[in-house]
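2 protein chains.
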Amino acid sequence: MAYLNVVKVADALSQMKEKFPTYHAVEHIALANAVGRILAAPLYAYENLPAFRRSMVDGYAVKASDTQGASEQSPILLRYLGEVDMGDQAGEALTTGTALYVPTGGEIPEGADAMIMIEHTERMGPDVAVFTTPRFGEHIVDIGEDVKADESVLSKGTCIKAHHMGLLASLGHHELAVIKKPRVAIFSTGDELVEVFETPTGGQVRDCNRPIIQSVLEACGCEVVLSEHLSDHYEKLHEAIKTAVAKADLVILSGGSSAGHKDMTQAVIDGFSEEEQHPNVFIHGLAIKPGKPTIVGAIDQKAIIGLPGHPAACFITLKALVEPFVRGWMGTVDAHIKTVPCVANFQLYAASGRDVYQLVKLRTSDETGTFIADIVYGKSGMVSALAQANAYVVVPMAHEGVLKGDALTAYLL
Amino acid sequence: MAYLNVVKVADALSQMKEKFPTYHAVEHIALANAVGRILAAPLYAYENLPAFRRSMVDGYAVKASDTQGASEQSPILLRYLGEVDMGDQAGEALTTGTALYVPTGGEIPEGADAMIMIEHTERMGPDVAVFTTPRFGEHIVDIGEDVKADESVLSKGTCIKAHHMGLLASLGHHELAVIKKPRVAIFSTGDELVEVFETPTGGQVRDCNRPIIQSVLEACGCEVVLSEHLSDHYEKLHEAIKTAVAKADLVILSGGSSAGHKDMTQAVIDGFSEEEQHPNVFIHGLAIKPGKPTIVGAIDQKAIIGLPGHPAACFITLKALVEPFVRGWMGTVDAHIKTVPCVANFQLYAASGRDVYQLVKLRTSDETGTFIADIVYGKSGMVSALAQANAYVVVPMAHEGVLKGDALTAYLL
Numbered sequence: 162m163a164y165l166n167v168v169k170v171a172d173a174l175s176q177m178k179e180k181f182p183t184y185h186a187v188e189h190i191a192l193a194n195a196v197g198r199i200l201a202a203p204l205y206a207y208e209n210l211p212a213f214r215r216s217m218v219d220g221y222a223v224k225a226s227d228t229q230g231a232s233e234q235s236p237i238l239l240r241y242l243g244e245v246d247m248g249d250q251a252g253e254a255l256t257t258g259t260a261l262y263v264p265t266g267g268e269i270p271e272g273a274d275a276m277i278m279i280e281h282t283e284r285m286g287p288d289v290a291v292f293t294t295p296r297f298g299e300h301i302v303d304i305g306e307d308v309k310a311d312e313s314v315l316s317k318g319t320c321i322k323a324h325h326m327g328l329l330a331s332l333g334h335h336e337l338a339v340i341k342k343p344r345v346a347i348f349s350t351g352d353e354l355v356e357v358f359e360t361p362t363g364g365q366v367r368d369c370n371r372p373i374i375q376s377v378l379e380a381c382g383c384e385v386v387l388s389e390h391l392s393d394h395y396e397k398l399h400e401a402i403k404t405a406v407a408k409a410d411l412v413i414l415s416g417g418s419s420a421g422h423k424d425m426t427q428a429v430i431d432g433f434s435e436e437e438q439h440p441n442v443f444i445h446g447l448a449i450k451p452g453k454p455t456i457v458g459a460i461d462q463k464a465i466i467g468l469p470g471h472p473a474a475c476f477i478t479l480k481a482l483v484e485p486f487v488r489g490w491m492g493t494v495d496a497h498i499k500t501v502p503c504v505a506n507f508q509l510y511a512a513s514g515r516d517v518y519q520l521v522k523l524r525t526s527d528e529t530g531t532f533i534a535d536i537v538y539g540k541s542g543m544v545s546a547l548a549q550a551n552a553y554v555v556v557p558m559a560h561e562g563v564l565k566g567d568a569l570t571a572y573l574l
Numbered sequence: 162m163a164y165l166n167v168v169k170v171a172d173a174l175s176q177m178k179e180k181f182p183t184y185h186a187v188e189h190i191a192l193a194n195a196v197g198r199i200l201a202a203p204l205y206a207y208e209n210l211p212a213f214r215r216s217m218v219d220g221y222a223v224k225a226s227d228t229q230g231a232s233e234q235s236p237i238l239l240r241y242l243g244e245v246d247m248g249d250q251a252g253e254a255l256t257t258g259t260a261l262y263v264p265t266g267g268e269i270p271e272g273a274d275a276m277i278m279i280e281h282t283e284r285m286g287p288d289v290a291v292f293t294t295p296r297f298g299e300h301i302v303d304i305g306e307d308v309k310a311d312e313s314v315l316s317k318g319t320c321i322k323a324h325h326m327g328l329l330a331s332l333g334h335h336e337l338a339v340i341k342k343p344r345v346a347i348f349s350t351g352d353e354l355v356e357v358f359e360t361p362t363g364g365q366v367r368d369c370n371r372p373i374i375q376s377v378l379e380a381c382g383c384e385v386v387l388s389e390h391l392s393d394h395y396e397k398l399h400e401a402i403k404t405a406v407a408k409a410d411l412v413i414l415s416g417g418s419s420a421g422h423k424d425m426t427q428a429v430i431d432g433f434s435e436e437e438q439h440p441n442v443f444i445h446g447l448a449i450k451p452g453k454p455t456i457v458g459a460i461d462q463k464a465i466i467g468l469p470g471h472p473a474a475c476f477i478t479l480k481a482l483v484e485p486f487v488r489g490w491m492g493t494v495d496a497h498i499k500t501v502p503c504v505a506n507f508q509l510y511a512a513s514g515r516d517v518y519q520l521v522k523l524r525t526s527d528e529t530g531t532f533i534a535d536i537v538y539g540k541s542g543m544v545s546a547l548a549q550a551n552a553y554v555v556v557p558m559a560h561e562g563v564l565k566g567d568a569l570t571a572y573l574l
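Same order as they appear, the protein sequences are chains A and B. The opening residue of the first sequence carries number 162 in the numbering used here; numbering runs sequentially from there. The opening residue of the second sequence carries number 162 in the numbering used here; numbering runs sequentially from there.
Be careful, since some hints might not be right.
Identical chains blur together in the list; that is why a pair holds if it fits in one copy or across any two.
Said to hold, decoys possible - The calculated EDC-like cross-link candidates involving lysine to aspartate or glutamate, where the alpha carbons are at most 20 Å apart (straight line), are:
| no. | residue 1 | residue 2 |
| --- | --- | --- |
| 1 | Lys423 | Glu283 |
| 2 | Lys499 | Glu283 |
| 3 | Lys322 | Glu280 |
| 4 | Lys540 | Glu208 |
| 5 | Lys423 | Glu179 |
| 6 | Lys450 | Glu280 |
| 7 | Lys423 | Asp249 |
| 8 | Lys224 | Glu561 |
| 9 | Lys480 | Glu244 |
I should point out that these hints are in silico values taken from the structure, not numbers from a laboratory.
Start from the sequences and build out the full structure, keeping to the hints where you can.
Take a look at the structure:
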């Protein structure tokens, strides 16, 4: 496979979708640990919410017809029946001409069809004076009005967030079936790399791609089970990948994905194939800038992804390719906002045959609240730009480039 | 303190800021665990990045002046000196008329001042033919060009994300001083509540606020050390809060914060005060809808916050008051996008004297990419609306209300 036979990200993703079966391992977890996890099945309500007619106010449950014409000037008296305690059943049905005190959240007795707020009433001996005429059903939440029994409340693939917790807890889903965290093995290659806690000498640099890859993958809901630096040595790479394929569901390498004489990632992955005419690597070269030297192969139906060694390129390919792949593979459905429209405050050339991914820093214009995207400049391989950005934009290859003032879509970091 | 003496959210936050000293407990953690944590001190570069002149391409390090006039038609021959291996020092200084092969990321030897991509060269016996004239400094990242030694690279309070990892790792910050996770105690009150795994009978409902509170607080970087349901019983509440204040840095209660006769939160908090004229509760009533029955008190300089029992109101006060308080208290600085401009696809009345918080679902308009906010309707106390929303908007009390087509700011969930 020629290195220059680059494919578009969308094509790469659909090839990967075809090649790798959906990841569907399931586990059951406690609700308290659910944030960030992906529902493995649609979630149903097994009961109505509320399960009883519930008062929205502190006040009196009445028959609306008993209070016709009641006003500040001409109150109507109803016989005071007592009160319902929170958590208690409302008891007997309300009869004509009576009123029962029900606190907010309390059960409305049968026979009652409206609540009158306590502010619009007054206790008078054995009676309650009512100074207003409620609408039928006023201040009452009906049985099943929030959620109906047997309704599907959250779709399969939903990524659970804090604001889902109320619904899940109210419906009694104290345990959830979620997609198991896929196990990921991460390798960095390159003889120039030293560990983060080491002091580089000469032409050495610290191995910063493994922490980047790990944190992006963890944010997608994966678990890193192996993270190692490998030297550029064919046998060692072969052994490491063999172990990784046995242990993990996804293998990510960084570095060695280019076409230099020390770039062995492709050869090592293809080395697992028994027939030379059916190489394991099916993508070598992505039509993006930065990020061109990206490799995707399959061993035992598991994805082996080789990312560029440049930290910024590594990060961009993680966002452009790996994250969407992993989300699709895990079946993640997410209704949260991940992109925003913005206006370019810079000029940028398109690249022939490649989509340009540009780090930007978004700020809000004072007048309209529109997002202004300032370019975050960094030469290839620089890490400071990545830390300064809060989004990136994409200039498609078919595009003529970006002019100051152009409308763009920003992908939030 | 009268319940109706409501205060604006901004005023409540500034009172709280005054009352509660900044939380500044520090701990040291490994870089791999840093995502979501808050830097306890500004982070400095102790060295230059890169620490050596680094090549951005695979090719030959040359003296630019040696290649003046070189082109496809008239190449210039330089003596091939060998190559620098990745991670090795470049060795001796380059002399006039020579070229040294340097891979991407490799060290440029002294004396060289430009890189020529391998594509524009050809090995010819002992020489290298050069087919292009590079600019001075071309394809070279200078020492400190990415980050200068002693530069502050991330401010105190930065919330660490995946895209910071490259910088942190490259600079060797394998251990970080971060703000310790504040310990939070969470109580729900209300005799109507049963545990999430229990089946409610009669007027009972499942206790859904503790999971909501826990997940919002954890997302802010707190650790929940205590989570309990308490019955509406003064002595029990008193004991529980006493234990919580000893154990935790922040105490959150839900329910019992209104002015009903079973709403004891205020009385219990004030019960810790020795002088009646100096009650512990200093805020009772927030000028927001929903969320009015919110209480803030102080015991031993620790914040005790009483939230409304209604799940949606509880969530809104968490977002409107608790989250900004906790972020400020922990000193969190965050450059990530949390609000977006949107256009209302609904009509909504303002409330007299209260800011209205309305759950919405944002979608992108096809033509311009503008966010359209659809209202997510839910009566007070409903939990389904909360699960369907992906943002909320605020209609300020001074406002006349929202008309369809109005521009608003949406707070992302």
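Next item on the list: Quick one: which hint numbers does this structure break? Sort them smallest to largest.
Entry: Those not satisfied are hints 2, 3, 5, 8 and 9.
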